[in-house]
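Going line by line, the protein sequences match chains Y and W. Note that the numbering used here has the first sequence beginning at 1, numbered continuously upward. Note that the numbering used here has the second sequence beginning at 1, numbered continuously upward.
Everything labelled a hint here was simulated from the structure, so no lab data went into it. No incorrect hints appear here.
Interface residues of chain Y toward chain W, partial, derived using beta-carbon atoms under 10 Å:
{"hint": "1", "residue": "135"}
{"hint": "2", "residue": "199"}
{"hint": "3", "residue": "204"}
{"hint": "4", "residue": "207"}
{"hint": "5", "residue": "216"}
{"hint": "6", "residue": "248"}
{"hint": "7", "residue": "251"}
{"hint": "8", "residue": "252"}
{"hint": "9", "residue": "253"}
{"hint": "10", "residue": "320"}
Keeping only pairs whose Cα atoms sit at most 20 Å apart, straight-line, the calculated SDA-like set for lysine to any residue is:
{"hint": "11", "chain 1": "W", "residue 1": "277", "chain 2": "W", "residue 2": "191"}
{"hint": "12", "chain 1": "Y", "residue 1": "322", "chain 2": "Y", "residue 2": "305"}
{"hint": "13", "chain 1": "Y", "residue 1": "143", "chain 2": "W", "residue 2": "215"}
{"hint": "14", "chain 1": "W", "residue 1": "277", "chain 2": "W", "residue 2": "303"}
{"hint": "15", "chain 1": "Y", "residue 1": "143", "chain 2": "Y", "residue 2": "178"}
{"hint": "16", "chain 1": "W", "residue 1": "322", "chain 2": "Y", "residue 2": "248"}
{"hint": "17", "chain 1": "Y", "residue 1": "143", "chain 2": "W", "residue 2": "140"}
{"hint": "18", "chain 1": "W", "residue 1": "116", "chain 2": "W", "residue 2": "46"}
{"hint": "19", "chain 1": "W", "residue 1": "322", "chain 2": "W", "residue 2": "311"}
{"hint": "20", "chain 1": "Y", "residue 1": "277", "chain 2": "Y", "residue 2": "327"}
{"hint": "21", "chain 1": "Y", "residue 1": "116", "chain 2": "Y", "residue 2": "47"}
{"hint": "22", "chain 1": "Y", "residue 1": "143", "chain 2": "Y", "residue 2": "175"}
{"hint": "23", "chain 1": "W", "residue 1": "143", "chain 2": "Y", "residue 2": "199"}
{"hint": "24", "chain 1": "Y", "residue 1": "277", "chain 2": "Y", "residue 2": "226"}
{"hint": "25", "chain 1": "W", "residue 1": "329", "chain 2": "W", "residue 2": "30"}
{"hint": "26", "chain 1": "Y", "residue 1": "143", "chain 2": "W", "residue 2": "200"}
{"hint": "27", "chain 1": "W", "residue 1": "116", "chain 2": "W", "residue 2": "155"}
{"hint": "28", "chain 1": "Y", "residue 1": "322", "chain 2": "W", "residue 2": "249"}
{"hint": "29", "chain 1": "Y", "residue 1": "322", "chain 2": "Y", "residue 2": "304"}
{"hint": "30", "chain 1": "Y", "residue 1": "143", "chain 2": "W", "residue 2": "195"}
{"hint": "31", "chain 1": "W", "residue 1": "143", "chain 2": "Y", "residue 2": "140"}
{"hint": "32", "chain 1": "W", "residue 1": "143", "chain 2": "Y", "residue 2": "214"}
{"hint": "33", "chain 1": "Y", "residue 1": "116", "chain 2": "Y", "residue 2": "151"}
{"hint": "34", "chain 1": "W", "residue 1": "143", "chain 2": "Y", "residue 2": "195"}
{"hint": "35", "chain 1": "W", "residue 1": "277", "chain 2": "W", "residue 2": "290"}
{"hint": "36", "chain 1": "Y", "residue 1": "322", "chain 2": "Y", "residue 2": "271"}
{"hint": "37", "chain 1": "Y", "residue 1": "297", "chain 2": "Y", "residue 2": "63"}
{"hint": "38", "chain 1": "Y", "residue 1": "322", "chain 2": "W", "residue 2": "250"}
{"hint": "39", "chain 1": "Y", "residue 1": "143", "chain 2": "W", "residue 2": "214"}
{"hint": "40", "chain 1": "Y", "residue 1": "329", "chain 2": "Y", "residue 2": "63"}
Beta carbons: idealized from backbone N, C-alpha and C, even for Gly.
There are 2 protein chains.
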Amino acid sequence: MEFIAETPLDMHLHLREEEMLSLVTPFSAEQFAGGVVMPNLVEPVDSLDRLRSYRSAIQTACGNAVFHPYMTLFFRDYSRQELMTARDEIIGLKLYPAGITTQSEAGVRDFNRIEKTVALLEELDIPLLIHGETAGFVMDREKEFLPVYERLAGAFPRLRIVMEHITTSEALTLLDRFDNVAATVTLHHLLITLDDMAGDLLRPDLFCKPIAKTPRDREALRRAVLEGHPRLMFGSDSAPHPRHRKECLDCAAGVFSAPVALPALVQLFEEADCLDKLPAFISTNAQRFYRISPPAKNVRLERRPWQVPEHYETVTPFLAEKTIAWRLKPSGSD
Amino acid sequence: MEFIAETPLDMHLHLREEEMLSLVTPFSAEQFAGGVVMPNLVEPVDSLDRLRSYRSAIQTACGNAVFHPYMTLFFRDYSRQELMTARDEIIGLKLYPAGITTQSEAGVRDFNRIEKTVALLEELDIPLLIHGETAGFVMDREKEFLPVYERLAGAFPRLRIVMEHITTSEALTLLDRFDNVAATVTLHHLLITLDDMAGDLLRPDLFCKPIAKTPRDREALRRAVLEGHPRLMFGSDSAPHPRHRKECLDCAAGVFSAPVALPALVQLFEEADCLDKLPAFISTNAQRFYRISPPAKNVRLERRPWQVPEHYETVTPFLAEKTIAWRLKPSGSD
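If we strip away everything but chain Y, and leave its shape as in the complex, we get:
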């Protein structure tokens, strides 16, 4: 049995730098036609110069694979001129509240001071991608941030806003209230809850920001995604860390799902008997909301079980040592 993913896209992706970039990028380039690349490097990608050199490093890491890196700039105050110059090379600005996740220290500290740049984004029709969490209690951070989304969506009705990696049923309700708001959903938030991370032994490989939530939240996310909500887009938030940053006393946040993303999604949608809804989630919803035309690329999968490796070099992947019912078909094979 075969499934052909037409121009699949990963709308939220951490590719890192240097050796890690070389290690992880091929997994995304093999499975996807393009991906939205996050700008929270150790030194944030907040200028066109840095963006161009980062894009070039990514392209090198892709080798011969067809993969379009949709670049983002780290949110700060930008001038109209800067944004005018950048708009053809970016898919959007990525906003982090300061200190909320890995390498977000340069993020926004005062949401009352972002309006000038946000107004420019609306005027220039550049999407705003947001990591929407407060600094509150870890299970409530996304819920507490929703009023910020509401305020922005109401005040800038032509601004396209993406709620990144939503994890709660409450976030979903905003989609129904604002046409200019879309959201990405990760693979892992469709599969796990806090129980998987901390219900038995503690699993640092499943520790991420936002933290996995309740069974009720996961069910709400699944239902919305599997029913084909038109403004939900797949974004893996694949975020690799070397083992020494995961198996220690201060473990970094991030789930490295890139190697398993597409096969695990096909399995999830097949199990729910709604493979027909997968193209919207992994491709067409994103193309429509972002108004992008990625390179056509058919990715073929076959229904043949494989066991996910324990490690890829220094990194433990999501679903390590688990068996997935679908696998990528080697290119050129029948």
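Starting from the structure of chain Y, add chain W where the hints point.
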């Protein structure tokens, strides 16, 4: 400045076996006049023979320190004869739901089948200590278990029941409804919430069962303890694991608080300006509820800061590298 803890007791304690027993027992023996020793060893302490040999190993590990190990038997079906023989050597039976925490596989699977033994406990006036969690969502497990406490407390009104290591405001409400119910509270649940474990980087040293809860829960626990609730008793639930079981992909649950317990408690009560309530929490409440007369032992502390070591041999302690305002006074010093 000095504080004299009169006959302090740790009413919930894991002393382990072999090398770990030798490493950790002296910390408790130095600070406390006695402690309730948990029976969930790799092979549960569920016979008088095993209990006696375990007690003897503990006494050896105490060296010359005055420390009374209050022994518990692992809950199973016991005959009247067994309990009659054991009652003078135990402080109670410890009940674990099966699979709920470290080495609890031999625990109770069906709460409808425990009544015969529970009735014997009531008749023989042997307390029942319970790890009260369901197998539900990790943040809700204690709350979901409360009906079991209620049922037992109502059906066996003369049975003394101890809710071990309570973590939620809801558990506190049971104390007001049932005179035959008391509870232990740990140091770490008075100090941390889930935020400390997973709100920034992930901290396996703070991972425990029951998991740390919300700020609201912590405040309720603190208030009840600091106001001197007469049926709340200190029980550290100190639970050491070697670093290789904590800094890995499947981290064991347990906070090793024994080395810091008494100094950190004095600091907490002093900061809240209610040192006068500390004796009830760390000694007299337990003596009254359990009707025990531990060996008189004054433990002297002085207000002099010390930095908690990063490790004690193979184990990372609670509050590692933090500074505590109070320290134990070397015996014999002024």
